[in-house]
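Line by line, the protein sequences are chains S and L. Counting from 1, one number per residue, gives the positions in the first sequence under my numbering. Counting from 1001, one number per residue, gives the positions in the second sequence under my numbering.
Hint data in this document are derived by calculation from the structure and do not stem from the laboratory. Take these hints with a grain of salt, some might be off.
Said to hold, decoys possible - Below, a sample of chain S positions facing chain L; criterion: calculated Cβ distance under 7 angstroms:
#1 Met16
#2 Ala19
#3 Cys36
#4 Thr40
#5 Phe81
#6 His114
#7 Ile130
#8 Pro148
Unchecked claim - Output of the computed footprint for chain S on chain L, the stretches with three or more beta carbons under 8 angstroms from beta carbons of chain S:
#9 1025–1038
#10 1055–1069
#11 1118–1125
#12 1143–1149
As the list claims (entries may be wrong) - DSS-like cross-link-like pairs, simulated, lysine-lysine; straight-line CA separation at most 27 angstroms:
#13 L:Lys1248 / L:Lys1213
#14 L:Lys1165 / S:Lys29
#15 L:Lys1104 / S:Lys24
Since this is a predicted model, take the numbers as computed values, not measurements. Even glycine gets a Cβ: it sits at the ideal position worked out from N, Cα and C.
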Amino acid sequence: MAKPKKNIIRLDELDMDFAEAVAKAGGEKINLCIQCGTCTASCPSGRRTAFRTRQLIRRAMLGFRDEVLSDKDLWLCTTCFTCLERCPRGVDPTDVILALRNMAVEAGYMLDPHKRISGYFVKYGHAVPINEENRKRRVSLGLSEIPPTTHKHKKALDEVQGIVKKTGFDKLIGFRWEKGEE
Amino acid sequence: MRYAFFLGCVMPNRYPGLEASMRSVAEALRIKLIDMEGASCCPPPGVVKSFHESTWLVIAARNLSLAEALNADATTLCSGCYSTLKEANVILKGDPAMREKVNKILHDFGREFHGSIDVKHIVEVLYHNIGIEGLRNFVKRPLNLKVAVHYGCHLLKPTRYRKIKSSERPRFLDELVEVLGARSVPYRDKMMCCGAGGGLRSGSPEVSMDITKEKLENIKNAGADCIITPCAFCHLQFDTGQVEIRDKLGVTYNIPVLHYVQLLGLAIGLEPEKLGLYNNAVPTDFVIEKM
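Chain L extracted, bound-state conformation (with noise of 0.2 angstroms):
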């Protein structure tokens, strides 16, 4: 197995730790991730789309070009990139005037998309490549944990892009935690969005806050130990959130945040240090007493 390894921005500037855990884990599953030189932000489905929809496209057909380049499928963990790439892969594969007003940019700077590859998040590789009894194979150390999903929106949404029929319900990220060890519990409006996505973050900061501190309250009263996210930008959102929310509104709520990489990291048995697990702002010290 080998994929492009799409960085983005969140992850390789804002959490390196999530790109310390996904280089290692990928290493132990014997998942070769090949590194894509000169890509760029992804660019965001919420904040460049929502400013120039043709300049969203393009950038995103350069960053699938250098994919296509390395002949190898393209894949991340943040939910915001694979949105991107996903959805412009589609929309290009599938339209093939719109994918000639783009290739007549990129031709200028000697790229062109072809089409040749396809976009996968990295949960949908573990989830559909490796599989869940595969994984199980690899579990060393089985988390007796606690766990709240968190699925975010753009790993499910829009569907018409996707496989999945339906984001209403979905298990995978459930099984896929269950099958380290961890218990999944349920919790009040799991399926709503963490608060970061569509400029909120940065244009409406107390409305983004604000969404962020009930999912925050409905975690913690399901008595989770700890939070799961498929995504660097939802794992920014609701670990330095939780800093934001005790500095701004002095409320104080101390639950661990983990990417799924990390988690599964944990259950294979590599090292807390190697996957980035002391970088958060929300201290994760408890999740590793646990172990």
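Bound conformation, chain S alone (with noise of 0.2 angstroms):
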């Protein structure tokens, strides 16, 4: 007889305390959760892709840590908080996505792209840049070359790159001050 395939969870291999770690980071409400689906069911994102932001917190609240984290449809929500305002228990959903994000990143989960873009912010106090086309067009339409923000005033972007260092932010998106790059 063929041997069944493994459909059988043991509760060892779950991390028992995955839900209050949520909780503590930021998705303190994660355990109100009573199924229901009001998040999924307004879900421009689900509507679309197989994210299913109900399914993401049960799998969160009963332990599946390294599923929850590394599972990239995590970053197919828009935050655009109509879940957080409709969820009839309150549980917040916004607010855990972010905090299993943020636990998804300091695991070592994080897209190319974002790395990208967080690498802009380091280097150039902006996540989106001025580029050449821009300045040029933002001296057609009688403004200055360069806006007057971290990249007219170098103490100001010495300032940001400070504080990043400072909460380790260049560190956990890998950035390389040598290359200037993540």
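Take the two lone chains and join them into the complex the hints point to.
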């Protein structure tokens, strides 16, 4: 007789403290979830993908730590906050997702484009920095060629870079100061 | 009326036409905008906050401290920037322990968050401080346009940090459009997200584009002449997004996209050049010709 596929989940393979950790990381009310599915029904990403907010929260509550944090679907939330506004239990699902994303990044799961944007932010103080085309466009509109931000003020950029070093954001995204990129 | 003008990233670095329109309109309405020299990225609620919340909070606090130093409430025309600055301001004002932690870092750079100012989206300034009747007095060129109003997400939500009680059926942006003589047309899933936020535009461009396409389809079916947004990032998503959808999916919409401030500028008689209307990816000629 063929061996049945393993579809039994062993409790000792789950992280029973995970929901508590998510709560501490900002998803305080995760344990209030009653699995009604209002979040999933309200989700603009869930409409067209396999992303299911309810399922994500259930898995997190059950302790599927690695599965949840490594799941790329975690990054399909647009942070539109519709589920947060509608949740009848006040779970604040978007806050749970943001907490899970912070934990995922900490655990080393970060999408490459997000590393790139974060690198721009560290390098320029702008997640979307100026480019040649828009310098010209600014001048043609009668604006200063460079906006009066960290782009213009070196000291201000130094401050922002000093702050991200203090909070450890540069290390978190693997920013290499000598190369000036992530 | 004087406000510290927070620029952010998308407006000055991708759609400077919006910055030009904001400066022209503010001048015409006698709102004094003061530049926040040395401000940075807000940083974005769906991106940097998704990665490392404490970095998000300290950088937001630094930006707020720049407005505090100018002794002026901060304003912005981007809902992402608004969301970050508004929320960080409320959080830090209400949590002394957190404020102390943040200030411990800011002190090393000669900055401090005091909690002495408020943050207002330009739409809030227009609606609450100038008011519908106040704006009516400025209208010189009533607009004969059918407008699809897009509220977007971060102007409204989460409501716990904002003045409004519900985000489900707001009217204020429709009222702001209608006082200019334009008609706000109803369309399916009007309150849906533009698809850009949460790191989706960069991280999952196909899904992001698909959300935008659904909105564009609904707006087209409603027969709207143009889309109005209150946000620089929604503006980019709908405008640049139409080019991306044309190139990648072969579907052309050609629906002009205007920030509310640009629409207001047209109605109060400012020239399209001053409002950056010729700097969009999708031409706005159709809207200008209807003047």
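Verification of the supplied hints:
Interface hint at S:Met16: violated, since its Cβ lies 25 angstroms from the closest Cβ of chain L, which is beyond the 7 angstroms cut-off. Against a cut-off of 7 angstroms between C-beta atoms, the interface hint on S:Ala19 is violated, since the closest Cβ of chain L lies about 19 angstroms away. Proximity of S:Cys36 to chain L is violated relative to the hint, the smallest CB-CB distance being about 18 angstroms (cut-off 7 angstroms). Interface hint status for S:Thr40: violated, as the beta-carbon distance to the closest one in chain L is roughly 15 angstroms, over 7 angstroms.
Checking S:Phe81 against chain L: minimum C-beta separation of about 4 angstroms stays under 7 angstroms; hint holds. About 6 angstroms separates the beta-carbon of S:His114 from the nearest beta-carbon of chain L, less than 7 angstroms, and the hint is met. A hinted interface residue such as S:Ile130 counts as satisfied when its beta carbon comes closer than 7 angstroms to some beta carbon of chain L; here the least separation is about 4 angstroms, so the hint holds. Given hint, S:Pro148 at the interface with chain L, holds; its Cβ is 5 angstroms from that chain's nearest Cβ, closer than 7 angstroms.
A count of 4 residues in the segment 1025–1038 of chain L with a Cβ less than 8 angstroms from any Cβ of chain S is obtained; the coverage claim is therefore met, three being the minimum. Under a criterion of three residues with beta carbons nearer than 8 angstroms to beta carbons of chain S, the stated coverage of the segment 1055–1069 of chain L is upheld, 4 such residues being counted. Given a C-beta distance limit of less than 8 angstroms, the hint that chain S covers the segment 1118–1125 of chain L is violated, as 0 residues qualify and 3 are needed. With 0 residues having a beta carbon nearer than 8 angstroms to a beta carbon of chain S, the segment 1143–1149 of chain L misses the requirement of three or more and the stated coverage is violated.
Distance hint between L:Lys1248 and L:Lys1213 is fulfilled; the C-alpha atoms sit about 12 angstroms from each other, no more than 27 angstroms. Of the pairs offered as hints, the one joining L:Lys1165 and S:Lys29 holds, with about 21 angstroms between alpha carbons and a cut-off of 27 angstroms not exceeded. The hinted pair formed by L:Lys1104 and S:Lys24 meets the criterion: a straight-line CA distance of about 22 angstroms does not exceed 27 angstroms.
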